[in-house]
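> Order-wise, the sequence lines are chains V and R.
Take the working numbering: the last position of the first sequence gets the number 372, and nothing is skipped along the way.
Take the working numbering: the last position of the second sequence gets the number 1302, and nothing is skipped along the way.
Hint data in this document are derived by calculation from the structure and do not stem from the laboratory.
Warning: the hint list may mix true and false statements.
Think about it this way: if two alpha-carbon atoms lie no more than 20 Å apart in a straight line, the pair counts; the simulated DMTMM-like pairs of lysine to aspartate or glutamate are [as the list claims (entries may be wrong)]: (1) Lys1136/R / Glu206/V; (2) Lys220/V / Glu206/V; (3) Lys1222/R / Glu1268/R; (4) Lys1071/R / Glu211/V; (5) Lys219/V / Asp1068/R; (6) Lys1114/R / Glu1092/R; (7) Lys1125/R / Glu11/V; (8) Lys19/V / Asp1088/R; (9) Lys220/V / Glu204/V; (10) Lys1150/R / Asp1111/R; (11) Lys220/V / Asp1068/R; (12) Lys1136/R / Glu211/V; (13) Lys1241/R / Glu1275/R; (14) Lys1070/R / Glu211/V; (15) Lys219/V / Asp1064/R; (16) Lys1136/R / Glu204/V; (17) Lys1237/R / Glu1226/R; (18) Lys1284/R / Glu1230/R.
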Amino acid sequence: MRSIIYIVQKEFLQVFRNKSLLPLIFVMPVIQLLILSNAATYEVRNIALHVIDHDLSQTSRRLVGKFEASPYFEIVNTSFSQKEAEHDLIKDKADLILEIPPRFEHDLEKNSAAGLHLNLNAINSAKAGIALNYSNAIIQDFNAHIRAEMLPLPPEMAPPSVDISYANWFNPDLNFKTFMVPGILVLLVTMIGLFLGGMNIVREREIGTIEQLNVTPIKKYQFIIGKLLPFWIIAMFELAFGLGIGLLLFKIPFVGNPVIIFAFAGLYLTVILGIGLLISTFTETQQQAMFLSWFFMVIFILMSGLFTPIESMPTWAQKITWFNPIAYFVEVIRMVILKGSSWGDVAHHFGALTIFSLALNGLAVWNYRKRS
Amino acid sequence: MIQVQDIRKAYNKVQALDGISFEVGKGELFGIIGPDGAGKSTLFRILTTLLLPDSGTALVDGLDVVKDYKKIRNRIGYMPGRFSLYQDLTVEENLNFFASLFGTTVEANYDLIKDIFIMLEPFRKRRAGALSGGMKQKLALSCALIHAPKVLFLDEPTTGVDPVSRKEFWEMLAKLKEKGITILVSTPYMDEASLCDRVGLMQDGRIFTIDTPQAITRSFPKDLWEISGEHVYKLLKVLEKFSFTHAVHAFGEVVHLSLPKGGAGSLEIMEYLLENGCGQAEIKRIDAGIEDCFMEYMNEYA
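Could you put the whole structure together from the sequences, leaning on the hints where they help?
So, in structure tokens, the structure goes:
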């Protein structure tokens, strides 16, 4: 036990003496939260719209006016030529072309039907889909008004229609940051655990100090715990620090029980440190360890539901996420912070991570050799 | 104190140790002399329980290096060839850290490291990475001694250290020996052999011979001549063709020529040199050094 304390002391001494590490530990959460949560947004705003209005009627202007009034669209150009509009689209100056045919108003009045044409830049398919949805909403709304005006009927004779009203639960304002900040905290904790923790053991091997340690009577478990515990502590501190920033700066609503989050983070870190330890057992240099860690990190993050919802992945990919610890933590932290989930709601997440932790650490300890 | 019996170790297909056997008595300063790649470090790593031998047995203080490795670790001090302390910790922090891992304190064994620590004293607050080579080596020795080991393993402790520090270091070893510590030291420097009680000459994973340095040099089986002249390379080439020559090697500015006992005298050598355009060379009969012996054994085994 005392040996563990000595190693932990030594590790902290080295971390606090490391000129590049210490500032990073404090600066990283601030930067990640500020930049990522603001930049990584799915909200599509300022869709660049090119309008070709061949009609130039009152009705067509009303339609264009509706687009203009929407916060999602910005009319960047108007013209009467399809060529010019297409040029804008190709040059990436416009995301969307709205083409109103000649005699639009006339057709509406006389034939009770008129066509519109939309051209979308679909390189970013998600953005194109959202742009199309927004346009549809505007056009439908416009449609409903036009119909009401053109067939002036008394209200009791109005055509039956279903009116949908909806409420956004748990995130009433659809605030994207509320959703992102907890996820980014997971990223932060993971980076500290996987990169600093795992790298720390390989470093001893790379600079040769492990030779000197291995001839001491220190036991394998003492060495491993002594090396990993400091980073467990640092990562937990980072989580608290990051949560503080999230609450103060981003005013994210915290409806759940923070004890659940810290308990889960504590368990989660044993999994992440276990992965780092396992990587360190079959790498010789920090470079190799870094490369392997990144390999897992990228897969884990992209398949974690942090940026893209797991539900929209193909079934086989969803099954892979069952083995992704990051996915569990992202889900738990969102459930608890935003939804106020209880211990019972996240019990199976705790169960899964306990199994991961035991399996990974068992494997790593078994594979870790003090001598060959 | 150390008994090694037919130790073998191979890395893939390279036989690093090919049947090593020797014994070191209590309080003895034993040197393993051999060039880089002889297998010295592998041998040290096996004896310090860091590496498992493929076959053979080794006992340190009566304990088997494979079975009783845990007990051995408390009784030995090891100084690896490469500086293996924390460069970002200070002299003091390194010492305290290793002392506490062995469950002891610097004060408890201060007596043992006093002579060395006094030299380190002015730098106690300096980080190990900022020390000079000689000081690093003293710190490493202090750390290896901090728990008062019975046996000290020093793997090439003087490699890359200046001549003054090297001399100081050997003086320190002599003092430690007086305190009853058994020391096994390896070195590629032949001149350091004479400072050991006994040495083993090692090459290609084998030990040619084990004896006191004096006995080894005395048993040199040939007549040895030192020949100096202006062109060492020319001398070497010319002497290689001399009909009596057993072996000829360049030793810096001079050439060492070994001839069968009573094979040729100074007159014959001078005459031969004159005939071959090396008339101004000076020749001198000398006693063999360890390096001459090493070359001789290498020849024999090649």
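> Next step is simple, just say for each hint if it's right about the structure.
Evaluation of the provided hints:
Straight-line distance between C-alpha atoms of lysine 1136/R and glutamate 206/V comes to about 18 Å, which keeps the hinted pair within the 20 Å bound. With a CA separation close to 18 Å, the supplied pair lysine 220/V and glutamate 206/V stays within the 20 Å bound. This hinted pair checks out: lysine 1222/R and glutamate 1268/R have alpha carbons roughly 16 Å apart, not beyond 20 Å. Distance check on the hinted pair: lysine 1071/R and glutamate 211/V sit about 17 Å apart at the alpha-carbon level, within 20 Å; holds.
Straight-line distance between C-alpha atoms of lysine 219/V and aspartate 1068/R comes to about 14 Å, which keeps the hinted pair within the 20 Å bound. The suggested pairing of lysine 1114/R with glutamate 1092/R holds, with an alpha-carbon distance near 14 Å, which does not exceed 20 Å. Proximity of lysine 1125/R to glutamate 11/V is assessed by CA-CA distance (about 18 Å); at most 20 Å being required, the pair is judged to hold. Straight-line distance between C-alpha atoms of lysine 19/V and aspartate 1088/R comes to about 11 Å, which keeps the hinted pair within the 20 Å bound.
The suggested pairing of lysine 220/V with glutamate 204/V holds, with an alpha-carbon distance near 14 Å, which does not exceed 20 Å. Note on lysine 1150/R and aspartate 1111/R: the hinted pairing holds, with a Cα-Cα distance of about 15 Å set against a maximum of 20 Å. Restraint check for lysine 220/V and aspartate 1068/R: satisfied, since their Cα atoms lie roughly 16 Å apart, inside the 20 Å limit. Between lysine 1136/R and glutamate 211/V, the direct Cα distance comes to roughly 16 Å. Compliance with the 20 Å bound is thereby established for this hinted pair.
With a C-alpha separation of about 12 Å, the suggested pairing of lysine 1241/R with glutamate 1275/R holds against the 20 Å cut-off. Pair hint lysine 1070/R plus glutamate 211/V holds up; C-alpha atoms about 15 Å apart against a cutoff of 20 Å. Annotation: proposed proximity of lysine 219/V to aspartate 1064/R holds, straight-line Cα distance about 19 Å (limit 20 Å). For the suggested pair lysine 1136/R and glutamate 204/V, the alpha carbons sit about 18 Å apart, so the restraint of at most 20 Å is met.
For the given pair, lysine 1237/R sits about 15 Å from glutamate 1226/R by alpha-carbon distance, which is consistent with the 20 Å threshold. Restraint check for lysine 1284/R and glutamate 1230/R: the C-alpha separation of about 15 Å stays at or below 20 Å, so the hint holds.
Of the numbered hints listed earlier, not one is contradicted by the structure.
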